[in-house]
Amino acid sequence: MTTAPSTPEPRDYRDTLFLPKTDFPMRAGLPKAEPKWIEFWNEQKLYQTLREQSEGRESYTLHDGPPYANGHIHMGTALNKILKDLINRSHQMLGLNANYVPGWDCHGLPIEWKVEEEFRAKGKSKDDVKPSEFRARCREYAKQWVDVQSDEFQRLGVVGDWENPYLTMRFESEAVICGELLKIAQSGQLYRGSKPIMWSPVEQTALAEAEVEYADRKVSQIYVRFPVRKDTPNIVVVGDGADISPTIAKQNALNEKDYSVVIWTTTPWTIPANRAVSYSQSIRYGLYEIEELEDVEFTLGQNIGDKLIVADDLWETVSKSSFIRSGKRLFEINAADLGQMVLDHPLRKGDDFNFPVPMLKGDHVTADAGTGFVHTAPSHGEDDYMVWMSNGDKLVSLGIDPAVPMTLDDKGCYTDVMPERFQGLDVIRTSGKKRGQDGKANGEVIKALVESGNLLARAPMTLRDAHSWRSKAPVIRRATPQWFISMSKEGLRDKALAEIDKTQFWPDRGRNRIGAMVRDRPDWLISRQRNWGVPITLIVGPNGELHTERSDADAINARILEAVYHQGVDGWFETPLDDLMPDNNAGWTKVTDILDVWFDSGCTHAFCLKQRDDLPDRADLYMEGSDQHRGWFQSSLMESCAVYSEAPYKGILTHGFVVDAKGLKMSKSLGNVMAPEDLIKKFGADIVRLWVASSDVTEEIRISDEVIKTNTDSYRKLRNTLRYMIGALDGYDDSEEVAYDDMPALERWVLHRLHELGSEHEALVRDHDHRTIFSKLFNFCTNDLSAFYFDIRKDALYCDPLDSTRRRACLTVMNALFERLTTWLAPILCFTMEEVWQARRPGTSVHLETFRDCPESWKDAALFAQMAKVRTARELVNETIEPLRREKVIKSSLEADVTVPDAGLDDALFALGIVIANDYAIPAEPTDTLADYLIVSSAALGDAMSVADLKETDAKKCLRSWKYFYGDGEITPRDAVAVEALDAQ
RNA sequence: AGGCCGGUAGCUCAGUUGGUUAGAGCGCGCCCCUGAUAAGGGCGAGGUCGGAAGUUCGAGUCUUCUUCGGCCUACCA
1 MTTAPSTPEP RDYRDTLFLP KTDFPMRAGL PKAEPKWIEF WNEQKLYQTL REQSEGRESY
61 TLHDGPPYAN GHIHMGTALN KILKDLINRS HQMLGLNANY VPGWDCHGLP IEWKVEEEFR
121 AKGKSKDDVK PSEFRARCRE YAKQWVDVQS DEFQRLGVVG DWENPYLTMR FESEAVICGE
181 LLKIAQSGQL YRGSKPIMWS PVEQTALAEA EVEYADRKVS QIYVRFPVRK DTPNIVVVGD
241 GADISPTIAK QNALNEKDYS VVIWTTTPWT IPANRAVSYS QSIRYGLYEI EELEDVEFTL
301 GQNIGDKLIV ADDLWETVSK SSFIRSGKRL FEINAADLGQ MVLDHPLRKG DDFNFPVPML
361 KGDHVTADAG TGFVHTAPSH GEDDYMVWMS NGDKLVSLGI DPAVPMTLDD KGCYTDVMPE
421 RFQGLDVIRT SGKKRGQDGK ANGEVIKALV ESGNLLARAP MTLRDAHSWR SKAPVIRRAT
481 PQWFISMSKE GLRDKALAEI DKTQFWPDRG RNRIGAMVRD RPDWLISRQR NWGVPITLIV
541 GPNGELHTER SDADAINARI LEAVYHQGVD GWFETPLDDL MPDNNAGWTK VTDILDVWFD
601 SGCTHAFCLK QRDDLPDRAD LYMEGSDQHR GWFQSSLMES CAVYSEAPYK GILTHGFVVD
661 AKGLKMSKSL GNVMAPEDLI KKFGADIVRL WVASSDVTEE IRISDEVIKT NTDSYRKLRN
721 TLRYMIGALD GYDDSEEVAY DDMPALERWV LHRLHELGSE HEALVRDHDH RTIFSKLFNF
781 CTNDLSAFYF DIRKDALYCD PLDSTRRRAC LTVMNALFER LTTWLAPILC FTMEEVWQAR
841 RPGTSVHLET FRDCPESWKD AALFAQMAKV RTARELVNET IEPLRREKVI KSSLEADVTV
901 PDAGLDDALF ALGIVIANDY AIPAEPTDTL ADYLIVSSAA LGDAMSVADL KETDAKKCLR
961 SWKYFYGDGE ITPRDAVAVE ALDAQ
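First residue of the first sequence? That's 1 in the UniProt record's numbering, and the numbers climb one at a time after it.
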């Protein structure tokens, strides 16, 4: 075939170009496309295939922290699950077996409450429903939300064992949880105590700190005086030795026993439970005599001449509040004086409340508010309880029974240890329209105080106080018998602290945080008085002994666990004692309390990791929000250390919380809540995943329309970069591959960059630093590929002869790029990368691939350094051309003839094999010229930077490559060869 | 109120042991291309590093205080 004769009509060379060709859409349409990919993965059984494929591989286990099975997922849970998925997928693709088993927390109050509401709506109260029926409904309710959340998580693209997740409420789990508790009991770490705890009369249950919230509440504050008891030993005043006379006068005055100690309280109903008054050693007190009273319309308990002891700093406040116009300070009263005083109960009337009320020294007493004295009701305050218990000796010496009186029942009503007028009165209304408001107790107490003349003042006030997070009703502090796991009996605290030391933390400050908490935490209160939970499967003997101490304990335990394993928690409640403990069971009773849900979730390692054959006993990683330092990380650590003497995890990763554009937390009241569902519908899950991957998750993570916009823009850039490669690689076959040594410098440069990225990548994955992975990959795509490599290679790709080495080398590298970018991005953009992957390999899945190796032989630091000089030259050329472009002198850079300052560039070009010529020596095998790199038609080295306009010369524009050239014909020789070959076909 | 942590361009992030005019990408403005085209390329304008004081020859980088925000705990009598 000969060269085509020149024709008068210029030929249209468009068809002779090798342009990228693809159906891959620029627009993703993620909201519609993603569900189809999920369907595809389900059909292909992606999770199962992954497991089979990675059998025998080293395992990497991220153990899922269970979300609560109630309500739809929110941004926080979405972030959490996506982050887990990034970690799992990337470890899997590292060549490990990252088997992810999701789980749910199913027991507990919020579900119980919802179900109670349901029954109430049907007109049934809690007592009308059989407990087993109630629990069955709770089980159904939880299951329903597990299914909803499971769908929502899967819609985010999270891969895991969704068909067989772990649930705290599965019978097998419940049995293991009971078993764990029995082991703890047998090890002697469990004990029964009676401690004032948060108690919600409305729900008739104890609450943990995590289950209360603080809100304003209107209360009655009262000032009450406790008269010194007449029949107590005389007070011996010890002076400071300097002046004896005032001391004697004071001693005489004190022994008149005609004065009172004043207290202030915001919970009048605790007065009948009062057993002591606490004072502080570091507060100055005075004995004051009332001189003048305000004129008021009601009767005051106090009279002129009455004597009161109050903290000096607070006398002014107290007197003002108590309608005392003026008073006279008679003596200073010090701690030694106070310690000898014994008081009368302010409600003493005949035999009622006729007992000595001691003065106790307490560190919790401050002079910030009140009177400097703290009314102490050991059954209704933690401090009160502590003071009371630690003064046992003093109580005994005064002939006082140190037992804590049980003054309130479960409903918050006074018990029969109270005088008749108080019995049955409620502290808080537990039903009806006024639920949560004050009951009758406060009023009756105040009335009684008025009668006794010991009420100095009363006034309404507002304070922030604990409320149940569910019913929003106030909670009270009430002593009840409870079960505790001891932090010290068997060295649990020390074990836990030692394990924390061995654990790896991301970020590292987590160690400090959980360490401080464990160091300070009290014994673990694990009992709850509710229905929906795992029972405390203990049998208590007539003297308070536990069945686990009996010689037949193992047999009993086996029966208990058998029952729970087959019937769930009902197995405990419904199996008669005789069946569980057939011998010597007189006086023995089954405990009816259930376990704190934190104990359930603290056992996930026991019933998930240790039970499943496809998981190791310990997790490599626990990963949750930073609030879980107090929660799951700790409950798991405690439970595991108590039973197995080791942490259930090797590492802990925490993330921050999702906040709005201003950094404020999301709340309904602020109206700044974004829902994952809306984002998925509008933008797609991959955008949400990109948001996670591009954020610094160790801090608060912001989300806003603008943040989403930034991510959709990033997404488009990545998508188009991949799309370009798909188009360029259309029809590419491995047989066209060019060997490394035969590649142009530019291709070897790309491979060097790939090697660089690849070698950083694994370390970043192991460090859970997906943000850096994303940013490195993204910048690589924009700076190195789109703006540099692709831009330069466009000419070779489109115009070089089809099978020329340079063009094939470019495709070889494109192919290498494609495989690495898709796999590296697959954990982040799991939907889009599957689409990209299948555009070239239909029916396969990128998620079954592992990350590609980037051979050491690709590394060429010297080449990289030389290329940097060429890039600098490029920048210089661009800067110089730019003004000309603005002046419309030069439009396309191909119109430019540039002279670039030498400045060491010559050597670099030589080293890189880049020639300074504008024509290719062998048109059939083009090799790179400086002009190619600068995307101009003509380039030379010189003293200074300058640009000439080729349009002003005799140069012609090649009709095919649009480059300006000198010579015959419509197109350059290189283009002529390419066209010839094409025409020959 | 206490403990821990954070506040670098409009947005997302880098800023090694304190050391030259504080970086990147996106967005924005202007320009080019029209053979990646609801794409691609180029140039450019934006921060004095939450605020104040201090240590230092020199601080985004150390200290103190302060402000805003987050998580946890406490808000009791």
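These are computed hints drawn from the structure, not numbers from a lab.
Ideal Cβ positions, reconstructed from N, Cα and C, are used throughout, including at glycine.
Any given hint might turn out to be false.
To be verified - Label pairs and their calculated CB-CB ranges:
1. N512 x L577: 45 to 51 angstroms
2. D678 x E133: 35 to 41 angstroms
3. E133 x D409: 23 to 29 angstroms
Against the structure, the hints:
1. N512 x L577: 45 to 51 angstroms: Distance hint for N512, L577 holds at roughly 48 angstroms.
2. D678 x E133: 35 to 41 angstroms: Holds, at about 38 angstroms.
3. E133 x D409: 23 to 29 angstroms: Given about 25 angstroms between the Cβ atoms, the range holds.
When each numbered hint is compared with the structure, no violation occurs for any of them.
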